[in-house]
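*Asks:* Sequence:
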Amino acid sequence: MEPRRRKIEQLDAFYACIKECFMIGNTEVLYIPQKKAHVSPYGETSLPEEYSNHPQLALFYYSYMIDEHTFTAIRSNLLFEWPQPYVILNTIVRRLECHRFIVNNNYHWLPDQLKDFIGHGLECPNKNSIEGLTPFPESRRRRTIHICLGPADKIFEFFEKLTNMDAARSKFPHLSRLNVRFSCLKGFGNSLERVQRLARAIRKVWIYELVSSGGATGQRKGASSVKLEKTSGAGEQFDGQEQAQEQEPAQDNFQHEITDAASFWEKLSELESHRLVAGADDARQLKKAGAYLQSDADLQKEFKRNKNMVKNIFYSYVKSLMSAEGQVKFNRGVKCLQNGIVNVNLSYGPCKWIKAVTVSLAVQSKHNEAQDVTFVLKCSMSYKDYKKIATGN
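Taking our numbering, the leading residue of the sequence shown gets 75, the next gets one more, and so forth.
Hints in this document: simulated from the structure, not taken from any laboratory. We put the beta carbon where it would ideally sit given N, CA and C, even for glycine. Among the hints, a few may not be true.
Below are the DSS-like pairs computed for lysine-lysine, each with C-alpha atoms no more than 27 Å apart in a straight line [unchecked claim]:
{"#": "1", "residue 1": "235", "residue 2": "452"}
{"#": "2", "residue 1": "393", "residue 2": "245"}
{"#": "3", "residue 1": "403", "residue 2": "362"}
{"#": "4", "residue 1": "385", "residue 2": "362"}
{"#": "5", "residue 1": "393", "residue 2": "426"}
{"#": "6", "residue 1": "452", "residue 2": "245"}
Label-pair ranges, simulated between beta-carbon atoms [what the hints assert, rightly or not]:
{"#": "7", "residue 1": "224", "residue 2": "141", "range": "27 to 33 Å"}
{"#": "8", "residue 1": "394", "residue 2": "335", "range": "30 to 36 Å"}
{"#": "9", "residue 1": "375", "residue 2": "224", "range": "15 to 21 Å"}
{"#": "10", "residue 1": "108", "residue 2": "155", "range": "22 to 28 Å"}
{"#": "11", "residue 1": "87", "residue 2": "196", "range": "26 to 32 Å"}
{"#": "12", "residue 1": "83", "residue 2": "429", "range": "23 to 29 Å"}
{"#": "13", "residue 1": "406", "residue 2": "187", "range": "44 to 50 Å"}
Turn these sequences into a full structure, and let the hints steer you where they fit.
*Replies:* What follows is the structure, encoded as structure tokens:
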């Protein structure tokens, strides 16, 4: 965008902010100092004595009342009670402080400067403001909330609240982003056997996805976000997790070469059992398997059937951990990263206020035995235009 156009758009946004926060309506209102009165197309109103030093505050409120009660004003004289001047000032300042233009552009100094300009010398004994006008309707600021969940009952409780709009709205603000992580070991009630089955399912879906793509892994910004490093605001690390994965030797330890369909399946079985985390020699073997798959049309059909079964098993684990049987729909398959992490995009059924949901799973192993799986969920919350609807719990 060219600088001149950007500047014009900024000015337009600033004027819109001032109009909204200062309660300026669509009806033209003037203050006549000689008469100490406000004049509009519907007549004139005398300036209350307590506003004699701050007629501009009275003008803002009068403009707001005219706009709110246009039909009453047309039929007869508009009569209303005047709040104290500092209440009008508080209302304007509070609306400025949380308006999207002020927040998004970091103009945090502006409310105080305007307060001094329009209310110079006015004392505010309390923070009272006009009911219903403050704070300003939802700020557009997107705040990330980091959540680290503990035992299985806490994980279940979180997803139960997330899928209930009233409970979610009271806990997570409109347009906030959630970054939720928990230990699958805790999610499975400390069942190491279930964690190990999940780890094998992750390894298997990772292999199948990469074989079908010829060994190419996803390279995306933020791929390391599920590392077990402590994230600001995310709480403590999970118990029993290693800070770093085992480093496997780079040599090729695979025995089977692919010469036919039988050896292809042997190669996949060997890849699945060889290790739990991605190793240096995986890429070469996956590329070989992918190349052979492309040369055999019948094998491709069988591979596709098996791949769908593998993905369905993987999806069932994700649903189970999210307590979301029947609610979750998976979109665009899975994304596999070079380090063995598997990402999946999903939509949350009838819970339309939960937006842009992604889940990442990373296996934590020791001596090729799964110790835990880190589960990370990211989503955005948006309650706009949604009335109370069934959550499907």
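*Asks:* Would you mind marking each hint as holding or not holding in the structure?
*Replies:* Status of the hints after comparison with the structure:
Annotation: proposed proximity of residue 235 to residue 452 holds, straight-line Cα distance about 16 Å (limit 27 Å). In summary, the hint linking residue 393 to residue 245 is supported, as the alpha carbons are separated by about 23 Å, within the 27 Å threshold. At most 27 Å may separate the alpha-carbon atoms for a hinted pair to count; residue 403 and residue 362 exceed this at roughly 33 Å. A threshold of 27 Å between alpha carbons decides the hint, and for residue 385 with residue 362 the separation of about 22 Å falls inside it, so the pair holds.
A C-alpha spacing of about 17 Å is found between residue 393 and residue 426, which places the hinted pair at or below 27 Å, so the restraint holds. Taken as a hint, the residue 452 and residue 245 pair is honoured in the structure, with Cα atoms around 16 Å apart against an allowance of 27 Å. A hinted range of 27 to 33 Å is violated for the C-beta pair residue 224 and residue 141, which are about 51 Å apart. Separated by about 33 Å at the C-beta atoms, residue 394 and residue 335 satisfy the suggested range of 30 to 36 Å.
For the pair residue 375 and residue 224, the beta carbons lie near 45 Å from each other, so the given range of 15 to 21 Å is not met. A hinted range of 22 to 28 Å for the beta carbons of residue 108 and residue 155 is consistent with their spacing of about 26 Å. At roughly 28 Å, the beta carbons of residue 87 and residue 196 sit within the given window of 26 to 32 Å. Taken as a hint, the range 23 to 29 Å holds for the pair residue 83 and residue 429, whose Cβ atoms sit roughly 26 Å apart.
With their beta carbons about 48 Å apart, residue 406 and residue 187 fall inside the hinted range of 44 to 50 Å.
In this structure, the earlier hints numbered 3, 7, 9 are contradicted, and the remaining ones agree with it.
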